[in-house]
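Protein chains in written order, with this note's numbering: chain Z, 1 to 331; chain S, 1001 to 1562; chain H, 2001 to 2298.
These are computed hints drawn from the structure, not numbers from a lab. Backbone N, C-alpha and C fix where the C-beta goes; we use that ideal spot for every residue, glycine too. Hints should not be assumed to be uniformly reliable.
Stated by the list, open to error - Dumping the calculated DMTMM-like pairs for lysine to aspartate or glutamate here, alpha-carbon to alpha-carbon at most 20 Å:
1) S:1305 / Z:138
2) S:1305 / H:2099
3) S:1306 / Z:135
4) S:1235 / S:1435
5) Z:308 / H:2055
6) Z:308 / H:2110
7) Z:305 / H:2055
8) H:2139 / H:2182
9) S:1305 / H:2097
10) Z:128 / S:1086
11) S:1479 / Z:8
12) Z:128 / S:1058
13) S:1479 / Z:13
14) S:1144 / Z:188
15) Z:128 / S:1107
16) S:1479 / Z:11
17) H:2018 / H:2037
18) H:2150 / H:2291
19) H:2164 / Z:220
20) Z:113 / S:1151
21) Z:128 / S:1094
22) Z:274 / H:2254
23) Z:296 / H:2037
24) Z:128 / S:1087
25) Z:274 / H:2252
26) Z:269 / H:2208
27) S:1479 / Z:44
28) S:1144 / Z:110
Unchecked claim - Over the 12 Å line for every Cβ pair with chain H, so calculated as not near, a few chain Z residues:
29) 20
30) 86
31) 126
Said to hold, decoys possible - Facing chain H, from chain Z, some residues (calculated, C-beta under 7 Å):
32) 68
33) 230
34) 278
35) 299
Each chain, written out:
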Amino acid sequence: MEFTLKIERYDPDTDQRRLQEFTVDAPETATLLDVLDVVKDTVDGSVTYRKSCRMAVCGSCGMRMDGAAVLACKTPMAPLAEAGRVPVISPMGNLPVIKDLVVDMAPFWDKFKAVKPWLEEDDAPPVKEWRVQQEELDRIMKEALCIQCGCCVSECNSMEADPDFLGPAALAKAQRFVGDVRDRDRTERLRTLNGPHGVWDCTRCYFCNQRCPKGVDPRDAIAKLGAEIYSEGMLSDKGARHAQVFDVSTRTTGYLLETALVPYTDPLKAMDVKFALNLARAGKVPNPLKPHRAKKLDEVRKLHKLLKTQEAAARDDRRAGVSIDREEPTE
Amino acid sequence: MVRHDVVVVGAGVAGMRAAIEASRYGADVGVVSKLHPTRSHSGAAEGGINAALGNASEDSPEQHTFFTVKGSDYLGDQDAIAVMCEEGPGDIYELEHMGCIFSRTPDGKIAQRPFGAGGAPRTCYAADITGHVLLHVLYEQLVKSEVTVYEEWFALDLVMDGERCVGLTAWDLVHGGVQGVEAGAVVLATGGLGRMYRGTTNAYACTGDGMSMAWRAGVPLKDMEFMQFHPTTLKANGVLITEGCRGEGGYLRNAEGDRFMFKYAPNAGELASRDVVSRSEQTEIDEGRGVDGCVLLDLTHLGAKKITTVLHGSRELAMDYAGVDPIEEPIPVRPGSHYHMGGVDTDVWGRTVMPGLYAAGECACVSVHGANRLGGNSLLETVVFGRRAGAAAAQDVRSNGSGGVFSPSAVRVAERRIAQLLYNFDGVRPHVIRERLADTMYENAGIFRTAEKLEQCATDIAELRERFRDGMGIVIQDKSRTFNSDLVQALELGSMLQMADCLVTGAVARTESRGAHSRLDHPDRDDENWLRHTLTTYDDGQVALDYKPVTITEFEPAVRTY
Amino acid sequence: MKSSYAYYPGCLASLSQKELDTSTRAIAEKLGFELVEIPGFTCCGAGDVHEARPEYYLHLNARILGQAEQLGQDTLLTICNVCTLNLRQADIKLKTDADLRERVNANLRDVGAASYEGGVEVRHLLWEIAEGDGYEKLKQIAEKPLTGVKIAPFYGCQILRPSKLLGFEDPDRPQSLERIIEACGAEPVDYPSKIKCCGFPIVLAREEVALGELIQPLAEAKDAGADAMVTPCPLCHLSLDAWQGKASREADMEFDLPIFHLAQLVGAAAGLTYDELLFKRHVTKTYPATDKIYAAGD
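Chain Z on its own, in the form it takes in the complex (with noise of 0.2 Å):
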């Protein structure tokens, strides 16, 4: 079967970008990445990019394929090619480029490194294995299946915007420690990521889940991050005291309380007059002393009670470590 492909090029000796166009033959089944062995074996032995596994698990050969990180053993090719598309290949994106598709992991690295990515546990002398409950492992199963590939980092909305942003992948590796029963750092950990460039920094763009080829998910992971972050009442952070407005509001007004948000959140940015009195012009600032509530509001209210009452009881219960015992030495 025939394959036309156009690969964005760079030089790093002479710093030039271009894009070339290639056709091969490859079998019908050819991944993306068969069909760029097929250009550097026969076509072009300059073409670069990463490769290893080609079984979707080393995580080495993260690119763009008309702007979308893709896997490129992971992408079949046949369908593009019977409708005619011509992909544009293109190194993953928020990594600095080396050569054609190949980019600078160590940004990555860094952030990866920055989440001390390890378990922390006690340095007794393991005797036996940790007691834990499957249903345990599962809550971090998805955060497990993390190749850290990049493909999610690639597209990340606002770490275009925040490079320091840790980012989709170091995150959702954070949540793989934080949900870890066996893990003594909890606390710490969070405290970490509920700063600058940390979980709040998330801008819901949903890119990495949409984008990761492992199904790891990692805004929902991020949104765990979130979630336990809440529940400890860290409120340090704008982040969390915005989300404090939704929660609050839902319960004492049914609806959201746009007049606490901006106050509540960032008390600095209530004295802005200027952008204030715009949108008190276009009518968008409504009567704080007459907020507008829901019919039935006693039902929400209950339910707000209810939930938080279990909410707690769920946390006690992992709190006091139920699921988690260690053996005694035997002998």
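Position chains S and H against the provided structure of chain Z, taking the given hints into account.
Just chains S and H now, kept in the frame of chain Z:
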């Protein structure tokens, strides 16, 4: 030029485990790897890791030892196997404490599933992504240990001072240029060589580089002729479908729908040893009872719940690379080259005959797998002997100091060689030779071997090595020094050609059938002449053969049936 | 043809983005959609409650779905991306996990709220008029084509991604807004950031980051020659409209790009007036584009 007490080459599970252990012993450790550690092929191991924890049934290290010895067709060294099986449980507990999310029994212990020819449910697992989980846990520990990792450095050659290994040269792939890596001791943990075969489960990176480095430096390689063919690989690209599928109760069927394995292994059926299952499948296919060159791995009766939880990864692979959802229909599978039992000859501490040089993992041959490895024993080998090699290397440095002088001329020689390769404009593209090699290995050094085929293979390899001319017979089109993967692939091809030569030379000589080495012209095991290890050594670029005895302690060789 | 919906305007359209609710009701009448009110609906919790208290979020949304079900409606019509994702995600969870649904329903019954049996589908207005009968109807009511007006479609995130929960169209190459723009007689303008984030969810907590995101679509649409931008989400609208001045100062560029709600665009093509569509409630003035629109119709 960089310097460390201990330098580990390769950063899969064995390499990282060695580095972590050496670092625990207080050594300053560097890791040189052509891939970022988490890109290593250990991550593709799926089914699990064996250890006699006894969580799923009565079990003991002795049982584990016996079944491993039997599985090895009595070629495994029994002292080494005993070490692995006795120390295995401790290593599993340690991995669990490092954070490995092993699947659990209802009472919260590490769950264990049966694997082929194991005799008991002994395989610990993390769903069907055990290697991935282990690899990432060890990388976490490596990051914690603050070992220096030289990512994307391709190791070129060992450097010696007299008899002693004092380091190596490496090509810095990202920046270009040869780096000298001086070391008190070197641990090779570079993995397997399956890429020399067409139809392999192995990653592109599995090209036998470490073995060939050792071989060129005069270190003997052991039992190179033993290549394991895994019974369940996908037709399109050789991707592995775990033995765990059969461990969880999956069936193998032929075109007529029969569970044919009971014809060949009346007791164990689908859970016979891999060599037996692969031969049986190939026989079914050759005798016309296959489906389009495959047999069928049927999981449909296991139900969606089991498949989507503990076999989730296999389902995804089947859907992505075979277009089949195993919940709905069977997966067409066939045997494919998977694991190389042979490797750098070491003792139970990873020591080679060369002072200062150690090896562990698939690139080494201790030997614990003999003529056929049991499923679940390779990950175990990597952690047990990775740990041991790391410890031994660190202690070696402590007692022997730096050991010798690293001559800077080694770097200049390597630089010159790379320059010659890059500026050669006369020859063929590497893939021409690589594909020819893969074809002849598949055709002639596969599951069923004969003198005629093997000799054809040897002739082909000689011809290809002649064409390759140590790299001067091929053209590297990429002339740049930055991330030159064209160059690295050419160097890898050099490793594969040399290792193919060792493999086939050993196979031609071994006129018996044992484990994965199955000779149609010598169908029986011949303990009298061949209960011994093959050693292949370097002789002016060619392969010389030697032999050494097998260590037998407790279990006298017996007839092997399943 | 589908003609009656349980109508869920959500918070913003009920409050500061009132013009969206008003214009939605106005075009619904033209389209022949009967919008059935949900008495006692609340906020869906937005991304915030969803993140901070996932259990409470699930119950809030189950309650809304249950209320719609109780009205005998099988479709809940949304006009906000965030509401759409929140409600759809809750709906899918509850539909696929019977144990979970039972647990949630027990709690709902406990507080005297309607339980949810899984009989409702959540659909955004965009989807209802971008294809099928709704699209045919749209073409019929667009009597005053907005000839010569260049409109930049801005999708926002949570109507496209994650597509396994939304799934209306290809999240990387969406065409629904373009089709609607064309049906309205205007000309769609293409630009890369049309599927990216407007920054709204973090505009208060991380204003600098949010503005960095916001600048992209504004600058690109402007470059592409857009007279106005249209969005199906009132949160994107607020970001693009109310924060446009700040983005403009941050980027040191004059955008002056009017931002339309989807319902306003359709309403204008259907002959509804400037006042009926409450264009005056915008922070960024709409008249260069609205002048063109209302002139085009004359």
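Hints and how they fare:
1. S:1305 / Z:138: Between residue 1305 of chain S and residue 138 of chain Z the Cα gap is close to 14 Å, so the pair holds against 20 Å.
2. S:1305 / H:2099: Measuring from Cα to Cα gives roughly 16 Å; hence the hint holds.
3. S:1306 / Z:135: Holds. Residue 1306 of chain S to residue 135 of chain Z sits at ~15 Å (cutoff 20 Å).
4. S:1235 / S:1435: OK: residue 1235 of chain S and residue 1435 of chain S at ~17 Å, within 20 Å.
5. Z:308 / H:2055: Roughly 9 Å between the alpha carbons, so the hint for residue 308 of chain Z and residue 2055 of chain H holds.
6. Z:308 / H:2110: Status holds; Cα separation ~14 Å.
7. Z:305 / H:2055: Within the cut-off at roughly 12 Å; holds.
8. H:2139 / H:2182: Distance ~9 Å between residue 2139 of chain H and residue 2182 of chain H Cα, so the pair holds.
9. S:1305 / H:2097: Judged against 20 Å, a Cα distance of about 13 Å means the pair holds.
10. Z:128 / S:1086: holds, 15 Å
11. S:1479 / Z:8: holds, 19 Å
12. Z:128 / S:1058: With a Cα-Cα distance of about 17 Å, the restraint between residue 128 of chain Z and residue 1058 of chain S holds, given a limit of 20 Å.
13. S:1479 / Z:13: Cα-Cα ~11 Å, so holds.
14. S:1144 / Z:188: holds, 17 Å
15. Z:128 / S:1107: Distance of about 14 Å is within 20 Å: holds.
16. S:1479 / Z:11: holds, 12 Å
17. H:2018 / H:2037: holds, 16 Å
18. H:2150 / H:2291: At roughly 13 Å apart (the allowed maximum being 20 Å), residue 2291 of chain H and residue 2150 of chain H satisfy the hint.
19. H:2164 / Z:220: OK: residue 2164 of chain H and residue 220 of chain Z at ~14 Å, within 20 Å.
20. Z:113 / S:1151: holds, 15 Å
21. Z:128 / S:1094: holds, 8 Å
22. Z:274 / H:2254: holds, 18 Å
23. Z:296 / H:2037: holds, 14 Å
24. Z:128 / S:1087: holds, 13 Å
25. Z:274 / H:2252: Holds, at roughly 18 Å.
26. Z:269 / H:2208: holds, 12 Å
27. S:1479 / Z:44: holds, 11 Å
28. S:1144 / Z:110: holds, 13 Å
29. 20: Holds: least Cβ distance 21 Å, greater than 12 Å.
30. 86: holds, 14 Å
31. 126: Consistent with the label, residue 126 of chain Z stays out of reach of chain H, its closest Cβ about 34 Å off (over 12 Å).
32. 68: Holds. Min distance 5 Å.
33. 230: holds, 4 Å
34. 278: holds, 5 Å
35. 299: holds, 4 Å
The structure shown violates none of the earlier numbered hints.
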